[in-house]
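Participant: Numbered per the working numbering, the sequence shown spans residues 14 to 607.
Don't read these hints as lab results, they were simulated from the structure. Certain hints may be false.
Label-pair distances were calculated between CB atoms; the ranges are [unchecked claim]:
#	residue 1	residue 2	range
1	A433	A593	24 to 30 Å
2	P293	D601	51 to 57 Å
3	G566	L327	25 to 31 Å
Ideal Cβ placement from N, Cα and C applies to all residues, glycine included.
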Amino acid sequence: MDEFYQLTFIVSRGCALNGNPVDYDISKSGLIILLFTTTILAISCANVGFPPGGPVDRTPPTIVDTFPFPASLKVDRNVTVSITFSERVDRRSVEETLFIAPNPGKNLRLKWKGKRLVICFTKPLRPDQTYVITIGTSTRDLRGNHMKESFSLAFSTGDHLDRGVISGRVYGVTNPQEVSIWGYFLEQDELDPRKIFPDYVTQCDLKGRFQFSNLALRNYRIFAIIDRDKNLLYTPGYDAIGVPSKDVSLSPSKPQSKECLFRVAVHDTTKLSLLGISVPDRRHLELRCNKPVDAVDVVRENFTLYSDSLQRSLPIQAVYLDRQNPVYIHFVVDLPCPGEYQLLVRRLRDQFGNVLPVDRAKIKFVKATINPDTLHPRLLSFYPPDSTRNLLPNESLELIFSEAMDSVSVETNFWVLDSANALVAGKFEWLNPAVVQFRPWTNNKQSGWVSRMAYRVFLRADSVCDISGNCLGDSLLNWRFWVVNQDTLSSISGVVKDEDPAGVGKIFLTATQVKGGKATTTIRLDSLGSYEFSYLLPGIYTIEGFRDADGNGRYSLGKPYPFIPAERFVVYPDSIAVRARWPNEGNDIIFRND
Numbered sequence: 014m015d016e017f018y019q020l021t022f023i024v025s026r027g028c029a030l031n032g033n034p035v036d037y038d039i040s041k042s043g044l045i046i047l048l049f050t051t052t053i054l055a056i057s058c059a060n061v062g063f064p065p066g067g068p069v070d071r072t073p074p075t076i077v078d079t080f081p082f083p084a085s086l087k088v089d090r091n092v093t094v095s096i097t098f099s100e101r102v103d104r105r106s107v108e109e110t111l112f113i114a115p116n117p118g119k120n121l122r123l124k125w126k127g128k129r130l131v132i133c134f135t136k137p138l139r140p141d142q143t144y145v146i147t148i149g150t151s152t153r154d155l156r157g158n159h160m161k162e163s164f165s166l167a168f169s170t171g172d173h174l175d176r177g178v179i180s181g182r183v184y185g186v187t188n189p190q191e192v193s194i195w196g197y198f199l200e201q202d203e204l205d206p207r208k209i210f211p212d213y214v215t216q217c218d219l220k221g222r223f224q225f226s227n228l229a230l231r232n233y234r235i236f237a238i239i240d241r242d243k244n245l246l247y248t249p250g251y252d253a254i255g256v257p258s259k260d261v262s263l264s265p266s267k268p269q270s271k272e273c274l275f276r277v278a279v280h281d282t283t284k285l286s287l288l289g290i291s292v293p294d295r296r297h298l299e300l301r302c303n304k305p306v307d308a309v310d311v312v313r314e315n316f317t318l319y320s321d322s323l324q325r326s327l328p329i330q331a332v333y334l335d336r337q338n339p340v341y342i343h344f345v346v347d348l349p350c351p352g353e354y355q356l357l358v359r360r361l362r363d364q365f366g367n368v369l370p371v372d373r374a375k376i377k378f379v380k381a382t383i384n385p386d387t388l389h390p391r392l393l394s395f396y397p398p399d400s401t402r403n404l405l406p407n408e409s410l411e412l413i414f415s416e417a418m419d420s421v422s423v424e425t426n427f428w429v430l431d432s433a434n435a436l437v438a439g440k441f442e443w444l445n446p447a448v449v450q451f452r453p454w455t456n457n458k459q460s461g462w463v464s465r466m467a468y469r470v471f472l473r474a475d476s477v478c479d480i481s482g483n484c485l486g487d488s489l490l491n492w493r494f495w496v497v498n499q500d501t502l503s504s505i506s507g508v509v510k511d512e513d514p515a516g517v518g519k520i521f522l523t524a525t526q527v528k529g530g531k532a533t534t535t536i537r538l539d540s541l542g543s544y545e546f547s548y549l550l551p552g553i554y555t556i557e558g559f560r561d562a563d564g565n566g567r568y569s570l571g572k573p574y575p576f577i578p579a580e581r582f583v584v585y586p587d588s589i590a591v592r593a594r595w596p597n598e599g600n601d602i603i604f605r606n607d
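Turn these sequences into a full structure, and let the hints steer you where they fit.
Facilitator: Right, dumping it as structure tokens:
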């Protein structure tokens, strides 16, 4: 008869239904199996918790304690500063973003004790001085999590703490935490960030915001920098920089400045030069520069064509910048004979404001023969593209030709018909001798395209000529487009204000669709007052603008040295929802003067 054993055991809590003893009658072989199974269950049930490795650590490090305490007064000039983090951090990332103002130079030693950074000064601190120690947002823990915002510890070796504050925001960068803000005591106007270390340094947070606190009440110049070589000096053409629109003056009556706004870009500092000139025929010159130039300077008054053979200057009938490739400048002339010529440039700047040097402002060319102009012009582009179905009512038709055209021949051989075959009255506007726009125009004002209307456009190519009489082609060109349903459109409006009574320049505003599409609309105001973005498609929009102080029609970034302030700009603080047939009003744009 087989022997039977009685086994009494308690299954581990959490594995059995309860903790009461359970009786089993089993054989020897069954006992072995049961003991093996019980062991496995005990092991597996004992490990309760997260899967191996645990949840991913996404918690950013913070600073939990300091010595001295923030805002301490009469701190010993031989103090040893300690800063304790919430967790272990990448020490190098801390040391690279540790800034002390005033800068102690090399009189500094750093030591680490676990999560605590110890800062030792090898010489006594200055008497009656406010010190600010900043740790930037590039600081990260061992998992790569960055601090959310810069940390500043302020204390004083005297009986008071400086209370000045400068804050602001950086726009237009992919990773704002890469941007450092450098502050300089403005003791001389020609401050050169290429050679002078900043007196104060901090970093932007995730939204591009920054703040200097506990500043002395003095004059400051602030720059926003992506310091790629991390040497605390600006490297032109390598480091990206944002130039302020003005300097900051802190005083007892105005101890804070809260609207320092920056746009950061790598400035092209290479010298502008003239690379060459081509003369395809007696009527055309094409000047090529080494980089895009500022269209404001491309006017006849800035150029002189001189014939060495005839010993006199020759008339320039027209000059214009190439619309599609602004390194080229086109001239309409009438060269009388073969010989030597010079083109002299009085003033020419690139799009970063670099001026053509005087010693490079002349180019010579020799023509052994002068060919007549026999080349047919080409139509490079037409807007809108053929069969477009959503043209806005206020948009213009645009034609771009390969060369200067006879405007009369274009205007008399271009027409637009609506779906009822009625001729559309309109107005032509020549942006330059090769680019023309057309828009509906009735009763001496722009009338707009009719909602949901289909239009046909015609251009009689065999009658359209360039300035030498060469025709465009031998066919009738035509396009078709449809206008968007106006019931699907809406508008954004408000008032533009400027807190600075000395503010100058026309106002350019741009509405950008950030949700629901990618539409961008720009309007220009000659003065402060009401504005309206009309005929907007539904979606979410942002608005920004600038005052065009230099009159070049685009935002000017300024120069760090010699210092030229950037143009003032504004970003509307909220996104704006646009719904069909529901105008969004009261969105005032304010240029601050803080």
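Participant: Take the hints in turn and mark each one as holding or not.
Facilitator: Structure-based check of all given hints:
1. Taking the beta carbon of each, A433 and A593 are about 27 Å apart, inside 24 to 30 Å as hinted.
2. Distance hint for P293 and D601: a CB-CB separation of about 53 Å, consistent with the stated range 51 to 57 Å.
3. The supplied range of 25 to 31 Å is met by G566 and L327, whose beta-carbon atoms lie about 30 Å from each other.
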